[in-house]
Amino acid sequence: MPGFEQQVAELRSYLLKFARLQLRNETWAEDTVSEVMVAALSKPQGFESRSQLKTWLVGILKHKIIDALRLHARDFHPAQESADSQEDPMDYLGFKPDGHYVEPPAEWGNPEQSANSRQFFEVLEACANQLPAVQGRLFLMREWLELSSEEICKELGLTPTNLYVQLHRARLRLRECLELNWFGNGVKP
Amino acid sequence: MMRLKRTCKEATALLIAREDRALSRGDQLALRLHLLICKACPRFARQMLTLRNSMKEWRNYTTSDEV
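From first to last, the protein sequence lines stand for chains X and U.
Per my numbering, numbering of the first sequence is gapless, rising by one per residue and ending at 227.
Per my numbering, numbering of the second sequence is gapless, rising by one per residue and ending at 388.
Don't take each hint at face value.
What the hints assert, rightly or not - Below, a list of computed lysine-lysine pairs in the PhoX-like style, where the Cα atoms sit at most 20 Å apart:
#, chain 1, residue 1, chain 2, residue 2
1, U, K326, U, K360
2, X, K102, X, K81
3, U, K330, U, K377
4, X, K100, X, K55
5, X, K55, X, K102
6, U, K377, X, K100
7, X, K102, X, K192
8, X, K134, U, K330
9, X, K134, U, K360
10, X, K134, U, K326
11, X, K100, X, K81
12, U, K377, X, K55
13, X, K100, X, K192
As the list claims (entries may be wrong) - One side of the interface only, derived from the structure: several residues of chain U facing chain X at Cβ under 10 Å:
#, residue
14, C362
15, R367
16, E378
Stated by the list, open to error - Below, a sample of chain U positions facing chain X; criterion: calculated Cβ distance under 7 Å:
#, residue
17, K326
18, T328
19, C329
20, K330
21, I337
22, R339
23, D341
24, S345
25, Q349
26, P363
27, F365
28, Q368
29, M376
30, W379
31, Y382
Just so you know, the hints here were simulated from the structure itself, not pulled from any lab data.
Every residue, glycine too, gets a C-beta built ideally from N, C-alpha and C.
Given these sequences and hints, build the entire structure.
Here's what the structure looks like:
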């Protein structure tokens with residue numbers, strides 16, 4: 039069994055993957071993971087399994103990421119992505135002028151019944167990473183950091199309306215991406 | 322006066338919005354009524370449920386599962 043330091047060091051790239059996904063900025067991600075490493079190594083302790091160590095490290099990572107997001111909040115104000123606002127992502131779904139669906143949404147089935155859940159998660163991560171950076175950050179603050187909308191507004195100094203517009207777009211894009219790359223007709227591996 | 326009849330597009334927007342915020346009483350009621358009479362929107366509602374479950378599974382996978 040490798041020593042504590044070695045075990046922590048081995049998980050660096052794992053942590054970096056999630057830091058990148060959530061922060062969408064290489065420097066912030068590297069800095070944040072370095073802070074996690076320093077914090078972890080200053081409190082060496084024994085874990086019964088690698089999985090427990092991982093859970094502990096991810097917990098530290100999430101706290102450090104919230105600090106980083108707070109610190110850089112002004113750098114990713116949603117107004118910066120105004121170019122995106124020209125497009126209405128509701129159009130992906132296809133509505134007639136009277137507000138009816140052109141074609142009803144597909145039946146997706148259940149992903150957890152699929153044996154390839156790891157593959158599914160890879161697609162999910164790729165889709166999250168394809169969101170515009172601001173939307174990706176806000177979406178993962180909800181879904182990975184599990185912050186409430188109120189908490190996100192408070193941490194980042196956003197208005198609720200602003201946040202809801204971004205999350206609405208993010209959810210529609212993610213849905214579209216997953217339909218195209220996973221749930222869509224017969225492409226399921 | 323409260324408008325209870327909603328189009329599919331409006332109902333779909335509410336199904337997305339409720340992932341992140343509490344709907345007003347009026348919106349909740351209008352959405353429920355729409356889902357009762359509509360064939361397409363319940364499918365979208367199931368997609369959103371699948372997404373919600375998927376995100377939850379992914380969250381668990383990111384913290385504790387062996388990779």
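Hints and how they fare:
Proximity of U:K326 to U:K360 is assessed by CA-CA distance (about 15 Å); at most 20 Å being required, the pair is judged to hold. Restraint check: the Cα-Cα separation between X:K102 and X:K81 comes to about 16 Å, which is no more than 20 Å; the hinted pair holds. Of the pairs offered as hints, the one joining U:K330 and U:K377 is violated, with about 26 Å between alpha carbons and a cut-off of 20 Å exceeded. For the proposed pair X:K100 and X:K55, the alpha carbon gap of about 13 Å is at most 20 Å, so the pair holds.
For the given pair, X:K55 sits about 14 Å from X:K102 by alpha-carbon distance, which is consistent with the 20 Å threshold. Simply put, U:K377 and X:K100 have alpha-carbon atoms about 16 Å apart, close enough for the 20 Å limit, and the pair holds. A distance of roughly 17 Å separates the Cα atoms of X:K102 and X:K192; the hinted pair therefore holds under the 20 Å criterion. As the CA atoms of X:K134 and U:K330 are separated by approximately 9 Å, the hinted pair is consistent with the 20 Å bound.
Restraint check: the Cα-Cα separation between X:K134 and U:K360 comes to about 16 Å, which is no more than 20 Å; the hinted pair holds. Restraint check for X:K134 and U:K326: the C-alpha separation of about 17 Å stays at or below 20 Å, so the hint holds. For the proposed pair X:K100 and X:K81, the alpha carbon gap of about 17 Å is at most 20 Å, so the pair holds. Restraint check: the Cα-Cα separation between U:K377 and X:K55 comes to about 18 Å, which is no more than 20 Å; the hinted pair holds.
Annotation: proposed proximity of X:K100 to X:K192 holds, straight-line Cα distance about 17 Å (limit 20 Å). The closest approach between the C-beta of U:C362 and any C-beta of chain X is roughly 8 Å, which is under the 10 Å cut-off, so the hint is satisfied. Nearest Cβ of chain X to the Cβ of U:R367: about 7 Å, under the 10 Å cut. The hint holds. Nearest Cβ of chain X to the Cβ of U:E378: about 6 Å, under the 10 Å cut. The hint holds.
Interface hint at U:K326: violated, since its Cβ lies 10 Å from the closest Cβ of chain X, which is beyond the 7 Å cut-off. At about 3 Å, the closest approach between the beta carbon of U:T328 and any beta carbon in chain X falls short of 7 Å, and the interface hint on this residue holds. About 5 Å separates the beta-carbon of U:C329 from the nearest beta-carbon of chain X, less than 7 Å, and the hint is met. Interface restraint check: U:K330 against chain X, minimum CB-CB distance 4 Å, threshold 7 Å, status holds.
Interface restraint check for U:I337: the shortest CB-CB distance to chain X comes to about 5 Å, inside 7 Å, so the restraint holds. The interface hint given for U:R339 is broken, as the beta carbon of that residue sits about 11 Å from the closest beta carbon of chain X, more than 7 Å. Interface restraint check for U:D341: the shortest CB-CB distance to chain X comes to about 5 Å, inside 7 Å, so the restraint holds. The beta carbon of U:S345 comes no nearer than 13 Å to any beta carbon in chain X, farther than 7 Å, and the hint placing it at the interface is violated.
With its C-beta approaching chain X no nearer than about 16 Å, U:Q349 sits outside the 7 Å limit, and its interface hint is violated. Residue-level restraint check for U:P363 is violated (minimum Cβ-Cβ distance to chain X is 9 Å; threshold 7 Å). The interface hint given for U:F365 is met, as the beta carbon of that residue sits about 4 Å from the closest beta carbon of chain X, less than 7 Å. Among the interface hints, the one on U:Q368 holds; its C-beta lies about 6 Å from the nearest C-beta in chain X, closer than the 7 Å criterion.
Interface hint at U:M376: satisfied, since its Cβ lies 5 Å from the closest Cβ of chain X, which is below the 7 Å cut-off. With its C-beta approaching chain X no nearer than about 5 Å, U:W379 sits inside the 7 Å limit, and its interface hint holds. With 7 Å as the threshold, the beta carbon of U:Y382 comes within range of chain X, its nearest partner Cβ sitting at about 6 Å, so the hint holds.
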